[in-house]
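J.: Chains A and R supply the protein sequences, listed in that same order.
This note's numbering puts the first residue of the first sequence at 1, with every later residue one more than the last.
This note's numbering puts the first residue of the second sequence at 267, with every later residue one more than the last.
The set of hints was computed from the structure by calculation and includes no laboratory data.
None of these values were measured; they are calculated from a predicted model.
Be careful, since some hints might not be right.
In silico SDA-like cross-links for lysine to any residue, where the CA-CA straight-line distance does not exceed 25 Å [as the list claims (entries may be wrong)]:
id, chain 1, residue 1, chain 2, residue 2
1, A, Lys177, R, Glu390
2, A, Lys80, R, Thr339
3, A, Lys177, R, Gly406
4, A, Lys80, R, Arg294
5, A, Lys39, R, Asp307
6, A, Lys80, R, Thr337
7, A, Lys80, R, Glu284
8, A, Lys80, R, Asp307
9, A, Lys177, R, Asn384
10, A, Lys39, R, Gly406
11, A, Lys39, R, Arg286
12, A, Lys80, R, Ala422
13, A, Lys80, R, Asp398
14, A, Lys220, A, Met231
15, A, Lys170, A, Pro82
16, A, Lys26, R, His362
17, A, Lys39, R, Arg294
18, A, Lys80, R, Ile321
19, A, Lys39, A, Lys80
20, A, Lys26, A, Gly148
21, A, Lys177, R, Arg394
These stretches of chain A come out as covered by chain R in the derived footprint (C-beta under 8 Å, 3 or more residues) [stated by the list, open to error]:
id, segment
22, 20-32
23, 151-159
Note that the Cβ used here is the ideal one computed from N, Cα and C, for glycine as well.
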Amino acid sequence: MYDFTFHRPTTVRQAAGLLARNPEAKLLAGGHSLLPVMKQRLAQPSALIDLSLIDGLDTIEQKGRAVVIGAMARHADVAKSPVVIAAMPGLASVPGSVGDPQVRNRGTIGGSIANNDPNADYPAAVLGLGATIITNKRRIAADDFFQGMYTTALEDGEIIVKVSFPVAKKAAYEKFKHPASGFALVGVFVSKRGSDIRVAVTGAGSNGVFRVKSFEEALKKRFAAKSLEGMSIPATGMNADIHASAEYRAHLVGVLARRAVAKATA
Amino acid sequence: MPAVSMTVNGKPVSGEVEARTLLVQFLRENLRLTGTHVGCDTSQCGACVVHINGIAAKSCTTLALQCEGATITTIEGLAAADGTLHPMQEAFRDNHGLQCGYCTPGMIMSALDIVRRNGNELDEHTIREQLDGNICRCTGYHNIVKAIAAGAKTMAR
């Protein structure tokens, strides 16, 4: 990888100042997406700003009717958090399915959603629960946050501080895991919170995570796997690569959505 | 060049490194602790697993500078000063839990992390599932799984 300067701020304000002074800098969280890309020389930041010494960025707490997870909370800690498991086991299962144990020991929620890899798991949960992304500048609704492959609403100098997930009565994630990489070939997160029903899909779309409105409408009549019987989505706009065709990915969206609803209602 | 200092296997160490130096490079090339291996260099194979502040991580996907002030344990840090093997190392020997040996340091460091997270009574399914991040290219998993179950039990004593 190309060399860079390395910074370890101890407050979010310091980190923001470093970002302002180094326009080509990147924030470093767990590093398990960024460092591999830098090794391949696909990214060449002038500076890395390591967020790991900033106090209070990795808290996990229930606040009213929301579970609030700090941006630097590691996947392994969220997956086994009693707070998350008690409120929404479906949410805890998402970081629990990322990569392998060592990756989960390092990877963070903030890093995952800021990167917005089209095959990452967390974007499905964030969009599928209608979470709010809280940065050092503002609050961003999940529906506005994800803007296509590796693209988010984050502006220059903006740092994710925490993510607030409204507690849904029913929520589940089902994933068709790529056996080698552990990424979602397709992953579907479903939730029901009062009349707000969401079906969010990762891995399948060529433009990143997306919602399936037709499935959501069908589930509004009755939140049951049966409501999605025989339903599918068109293959247009689906990813196609050596691992799966667009048609297969579209098919998996239907299968995994039914499984996720079945799991959420079990 | 930036300076870095950390505690490795109980000893304070320091050095000057480029910012891009990986932890595994620092361990192998600066400290000459060559027990930690580089297999894939893409965080898939687990040959480079060490413990950072007690938690297993892939040292090929961690910068040395991220470990400033940290406590690192490598395979060289497990045996007692008199050479007595750690119970998990002993279990790998007793159960012939290695063939070529290349993946073994990472397997043992990961095995200890499995015990940390799941306790000393490990069934085969748990061990196999938790070895997701470690690849044995000799495919010698059967005895590795047996060794981890046995080593975990001995560690409880």
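J.: Assess, step by step, whether the Cα of Lys26 of chain A is no farther than 25 Å from the Cα of Gly148 of chain A, and give holds or violated.
T.: holds (19 Å)
J.: Between Lys170 of chain A and Pro82 of chain A, is the straight-line Cα distance small enough, at 25 Å or below?
T.: holds (17 Å)
J.: Starting from Lys177 of chain A, check that the Cα of Gly406 of chain R is at most 25 Å away, please.
T.: holds (24 Å)
J.: When you check the alpha-carbon spacing of Lys177 of chain A and Asn384 of chain R, does it fall within 25 Å?
T.: At roughly 23 Å apart (the allowed maximum being 25 Å), Asn384 of chain R and Lys177 of chain A satisfy the hint.
J.: Are 3 or more residues of the segment 151-159 of chain A near chain R, judged by a Cβ distance of less than 8 Å?
T.: Check failed, 0 qualifying residues.
J.: Starting from Lys26 of chain A, check that the Cα of His362 of chain R is at most 25 Å away, please.
T.: violated (45 Å)
J.: Taking 25 Å as the top limit, are the C-alpha atoms of Lys80 of chain A and Asp398 of chain R close enough?
T.: holds (18 Å)
J.: Taken at face value, is the distance from the CA of Arg286 of chain R to the CA of Lys39 of chain A at most 25 Å?
T.: Between Lys39 of chain A and Arg286 of chain R the Cα gap is close to 9 Å, so the pair holds against 25 Å.
J.: Hey, Lys39 of chain A versus Asp307 of chain R, does the alpha-carbon distance stay inside 25 Å?
T.: holds (9 Å)
J.: Given the hint that Lys80 of chain A pairs with Ala422 of chain R, does the C-alpha gap stay at or below 25 Å?
T.: holds (23 Å)
J.: Does the alpha-carbon distance linking Lys80 of chain A and Glu284 of chain R stay inside the 25 Å limit?
T.: Distance of about 36 Å is beyond 25 Å: violated.
J.: Quick one: see if chain R covers the segment 20-32 of chain A, three-plus residues with Cβ-Cβ under 8 Å.
T.: Check passed, 3 qualifying residues.
When each numbered hint is compared with the structure, violations occur for hints 4, 7, 8, 10, 16, 19, 23.
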